[in-house]
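Student: Listed here are the chains, written in short residue letters.
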Amino acid sequence: MVGASMKEGFAATMRSWRLLLPLYILNLAAAVIVVTPLQFALQQYWGTSVISSPLRQAFSIPALVEFLLHNGDLVRTLFRIFLTVLFLYEILSVFLDGGILAALRSGEAQGLSRKLFEGGAAYFFRFLRLFLISIPFMIVGGIILGLIDAPLSSLMDSSQRPVEIFLVLGARIAVAVLLFSYIRAVMDYAKVAAVSEDRRVMWKAFWRGLGFSVRNFGRAYGMFLILLLIYLATVALHLYVNSSINESTAVLILLLFIIEQLFVLVRIGERVWFFGSELSLFSKLASVVAIRPVAFDPSPAEPLPHTGTPHAPLP
Amino acid sequence: MRLLRTLLLLLCTLSPPLLSQMKIFDTPLSPRIANYTIHAELHPESETVTGREAITWRNTTTRAVSTLQFHLYLNAFANNQSTFMKESRGRNRGFSSGTKQEEWGYINVSRMNLWTGANLLPSLAYIHPDDENADDRTVAEVKLPKPCGPAETIRVDVEFTSKLPRVFARSGFAEGGFFMVAQWFPKIGVLQPDGWNCHEYHSNSEFFADFGVYDVQISVPRDYVVAANGTLVGKRRANSTMTYQYHQEDVHDFVWAADPRFITRHGVFHNDSTGGDVDITIFTYRTNETYAPVHLDAARHALAYFQEWFGVYPYRTLTIVDPPANARGAGGMEYPAFFTTMTIWWLPKGIHVSAMVTIHEFGHNYFQGMLASNEFEEAWLDEGINSYAELKSMERYYGTPGSYIDFLGLKMDGVTFHRSSYITSPNLDRVVEKSWLYAPGQYSRMSYSKPALLLRTLEGIVGQETMARIMKTYFQEWKFKHPRTENFIAVANRVAKQDLSWYFAQVLYGTGSLDYAVESVRTEPLTGKAGFVGSDSTLRFVDEKRKGQFESVIEVVRKGTVIVPVDVLFVFDDGNRIRETWDGKREWREFRFRSASRLSYAVVDPDRKLVLDTDMRNNSRRMHEERRGVWRVALELLYRVQSLLQHLTFFS
Ligand SMILES: [Zn+2]
Numbered sequence: 001m002v003g004a005s006m007k008e009g010f011a012a013t014m015r016s017w018r019l020l021l022p023l024y025i026l027n028l029a030a031a032v033i034v035v036t037p038l039q040f041a042l043q044q045y046w047g048t049s050v051i052s053s054p055l056r057q058a059f060s061i062p063a064l065v066e067f068l069l070h071n072g073d074l075v076r077t078l079f080r081i082f083l084t085v086l087f088l089y090e091i092l093s094v095f096l097d098g099g100i101l102a103a104l105r106s107g108e109a110q111g112l113s114r115k116l117f118e119g120g121a122a123y124f125f126r127f128l129r130l131f132l133i134s135i136p137f138m139i140v141g142g143i144i145l146g147l148i149d150a151p152l153s154s155l156m157d158s159s160q161r162p163v164e165i166f167l168v169l170g171a172r173i174a175v176a177v178l179l180f181s182y183i184r185a186v187m188d189y190a191k192v193a194a195v196s197e198d199r200r201v202m203w204k205a206f207w208r209g210l211g212f213s214v215r216n217f218g219r220a221y222g223m224f225l226i227l228l229l230i231y232l233a234t235v236a237l238h239l240y241v242n243s244s245i246n247e248s249t250a251v252l253i254l255l256l257f258i259i260e261q262l263f264v265l266v267r268i269g270e271r272v273w274f275f276g277s278e279l280s281l282f283s284k285l286a287s288v289v290a291i292r293p294v295a296f297d298p299s300p301a302e303p304l305p306h307t308g309t310p311h312a313p314l315p
Numbered sequence: 316m317r318l319l320r321t322l323l324l325l326l327c328t329l330s331p332p333l334l335s336q337m338k339i340f341d342t343p344l345s346p347r348i349a350n351y352t353i354h355a356e357l358h359p360e361s362e363t364v365t366g367r368e369a370i371t372w373r374n375t376t377t378r379a380v381s382t383l384q385f386h387l388y389l390n391a392f393a394n395n396q397s398t399f400m401k402e403s404r405g406r407n408r409g410f411s412s413g414t415k416q417e418e419w420g421y422i423n424v425s426r427m428n429l430w431t432g433a434n435l436l437p438s439l440a441y442i443h444p445d446d447e448n449a450d451d452r453t454v455a456e457v458k459l460p461k462p463c464g465p466a467e468t469i470r471v472d473v474e475f476t477s478k479l480p481r482v483f484a485r486s487g488f489a490e491g492g493f494f495m496v497a498q499w500f501p502k503i504g505v506l507q508p509d510g511w512n513c514h515e516y517h518s519n520s521e522f523f524a525d526f527g528v529y530d531v532q533i534s535v536p537r538d539y540v541v542a543a544n545g546t547l548v549g550k551r552r553a554n555s556t557m558t559y560q561y562h563q564e565d566v567h568d569f570v571w572a573a574d575p576r577f578i579t580r581h582g583v584f585h586n587d588s589t590g591g592d593v594d595i596t597i598f599t600y601r602t603n604e605t606y607a608p609v610h611l612d613a614a615r616h617a618l619a620y621f622q623e624w625f626g627v628y629p630y631r632t633l634t635i636v637d638p639p640a641n642a643r644g645a646g647g648m649e650y651p652a653f654f655t656t657m658t659i660w661w662l663p664k665g666i667h668v669s670a671m672v673t674i675h676e677f678g679h680n681y682f683q684g685m686l687a688s689n690e691f692e693e694a695w696l697d698e699g700i701n702s703y704a705e706l707k708s709m710e711r712y713y714g715t716p717g718s719y720i721d722f723l724g725l726k727m728d729g730v731t732f733h734r735s736s737y738i739t740s741p742n743l744d745r746v747v748e749k750s751w752l753y754a755p756g757q758y759s760r761m762s763y764s765k766p767a768l769l770l771r772t773l774e775g776i777v778g779q780e781t782m783a784r785i786m787k788t789y790f791q792e793w794k795f796k797h798p799r800t801e802n803f804i805a806v807a808n809r810v811a812k813q814d815l816s817w818y819f820a821q822v823l824y825g826t827g828s829l830d831y832a833v834e835s836v837r838t839e840p841l842t843g844k845a846g847f848v849g850s851d852s853t854l855r856f857v858d859e860k861r862k863g864q865f866e867s868v869i870e871v872v873r874k875g876t877v878i879v880p881v882d883v884l885f886v887f888d889d890g891n892r893i894r895e896t897w898d899g900k901r902e903w904r905e906f907r908f909r910s911a912s913r914l915s916y917a918v919v920d921p922d923r924k925l926v927l928d929t930d931m932r933n934n935s936r937r938m939h940e941e942r943r944g945v946w947r948v949a950l951e952l953l954y955r956v957q958s959l960l961q962h963l964t965f966f967s
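Line order of the protein sequences matches chains U and C.
The first sequence lines up with residues 1 to 315 when you count with my numbering.
The second sequence lines up with residues 316 to 967 when you count with my numbering.
Honestly, the hints are just simulated from the structure, not real lab data.
Glycine is no exception: its CB is placed at the ideal position from the N, C-alpha and C atoms.
Taking CB as the label site, the calculated pair distances span: (1) U:S154 x C:P608: 23 to 31 angstroms; (2) C:T715 x U:S154: 38 to 46 angstroms; (3) U:M138 x C:R955: 21 to 29 angstroms; (4) U:L169 x C:R537: 31 to 39 angstroms; (5) C:N394 x U:M138: 38 to 46 angstroms; (6) C:D889 x U:L169: 56 to 64 angstroms; (7) C:L547 x U:A150: 39 to 47 angstroms; (8) U:L145 x C:P608: 32 to 40 angstroms; (9) U:V177 x C:P663: 17 to 25 angstroms; (10) C:R537 x U:S244: 53 to 61 angstroms; (11) C:Q416 x U:V175: 30 to 38 angstroms; (12) U:S113 x C:G756: 48 to 56 angstroms; (13) U:I144 x C:Q416: 33 to 41 angstroms; (14) U:L169 x C:T715: 30 to 38 angstroms.
Covered by chain C, according to a simulated footprint, are these stretches of chain U (three or more residues, beta-carbon under 8 angstroms): (15) 18-30; (16) 267-277.
Whenever a hint applies, use it, and build me the whole structure from the sequences.
Tutor: Here it is in structure tokens:
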């Protein structure tokens, strides 16, 4: 079932490839906002000096040190801009999550940009609330992590050989990643539930996401981890490709830049694939249990003229 | 009882049969003014060392002296009222002191007699020669019953208990069984013609002592492994303890470390200069095992370089201690024929921190070990000159420009390493300053970074070959003595056959900085005469054109107050290069050239000789802006930011 969902998610991602373009443009635009003032400052500072000559071949620490130490205030300002953009982008991605889910759920291949923004707008405040609801759970997760980590940490201190330390360190990282991934998966399913079942009460959506990922622990979590592994493999491949190209000529610089942009695009696609697969898995497994909220709802005696989107479909 | 104890002490301290036969150097290398025989016992459970010592000391001045002064360094860690703790606020070299009862340390002298039997203890008073801190107990003074005349030798017998603090600054214990027993015994000050030189233990200062011979017996529980800076000449087993006996000659300190977990690795340096080998031993841990060869190899290479550049390393042993992770405050510290290094086992090998620490600390065997300058008063003579030697060693060992860092294509050399510290605040202090009087944060800038850079700059001024002779002569003439800054300058002037005082006055005794800049460049077609020329009846209009001729005008300025002659290079579009020298005495100078080609760029100090220059960016100016380098950097940054933003979407 996981395989089928991933396959369906992949197909949905491919079908909605037009969705990737606005996502990519937003990513690029945010990065340009950060980098352009820095580029301008660097050009001002290095442009007329021969100190910038080695930069054509490789990144030069001596040149960078001169720049950082002689432009402390500017660097601090740029860093603040950077942090602000990071924060805003985080908010933006809450908005985009709603849009991606809405666009994927529509099952259409056209007019996706409009759906992205409409969906984003429709779910933004709900997802923001969900984000806030998730914070205490993140804290609980942090405490659990601390509890698991403490004995591992003391094990690491008493380890005698680097191999042991590496293993324990690996275990610590693995525990943190696994725990965080699970919280992440719960949040994803809460969003999927909110969109699929058009829920407005977000703590209920969160509960639904949690319930879903507890009941279908193996499938929901397993699929998340498989997708995460694919994502990490892409990052690793990217780093490898990056380090193996020595950008010494203008052509190579441009080539590397294009490759980098393709990688960014692929990774954005993988994010969409996450949602596509989760939507699919949710629709396959959740329909069975979805009767329950309906069962508690007193059904109206006769259809009202202005019913909204129906709740979860009956089997 | 007392008689028995005195007799026993005499028996043990004065004529242990092994010691009388032990001799390392046929002729003493140093004046051997302060000689110590010590019996020490480590009590791990109470983190204490109990000891008895006999100090045999000679008055080498021309005046009689009626007091003796002693360093009681461990009292720096007795409480938060000591000068060390007040100055450091409990932080030293990045580490913090503890506050629990067992984390403090002290040294308590329970007996101090002259060999004649006279009890000196009642006259013991704590003094504070450097400040008004009456609570500091790191220097003690005792009165002699009768003055000690010139050339007279006296012996003082002392009993003491040293409670080690938890390691944060050099000495102490760490959980797990590590003991760094340094600055641990009552140590006599240095008597100079103008009196005792015996400073308090300061946060920003190291040490100063006379040379001598050390015979030290150390008793530890049997499972402990001991590292010390002497030659092991014997060991004796008792019920639960093991006693190790060490002998060392012509050093000014004795230090040891102990830990049951120590493992050792050995290396040998074949010393062609002395004909004998230097046994190098590193005391390390299983966790750091893979780094042992890195330290041993760095030490072997440093030995070779220092012998080639400065002179012979005469000791037969070199002991390296690699402290555990919970005692890094003990790491990176030098003692004669012994040093502590640092291993960060997870650090990539391309970041050469471990080798750098080993090379630096080894270098101190020369600069302060054998050239025993006063670290309290002139820290640059040891830290600064040693940083310069370290920089050169790293360049030779790893090659430039990646001598300090060569990782993922990022390369950093020692000059950049020291510049990144120095240029952030170049004018606050002068180099030659008592180390506790520097402005906050200036100690490392003024005693490590600026000296390393000013010596590299001096190398640029006098040439590498002359500089090498200066350093070698300085070492040869001042080894096993107490050189001062004036002595270094005198050697430099004599060897360079020129008076370099103008340079040292600016960079060692002055607070100014050096900064040359190309202020403006201009290049345009040369015009001939134009307009009305001649007079009265001969007045005529001319408009001469000179084809293919250009005039370039370059303004070079001195922005800092430090004046040093500087080379200026002018490069033209046709590849033609012109090099000029400017004395820098005026604040600016204009250069004008007529040539067949336009100017491409101008550079002051094109060979980067004056690394003391606080702003390297303004050292050159192009006619046309260069863009490709910045584009390359910007594109790379762009992608990295994109990537980071992409990762962030997983947190939304
Ligand atoms: Zn040092």
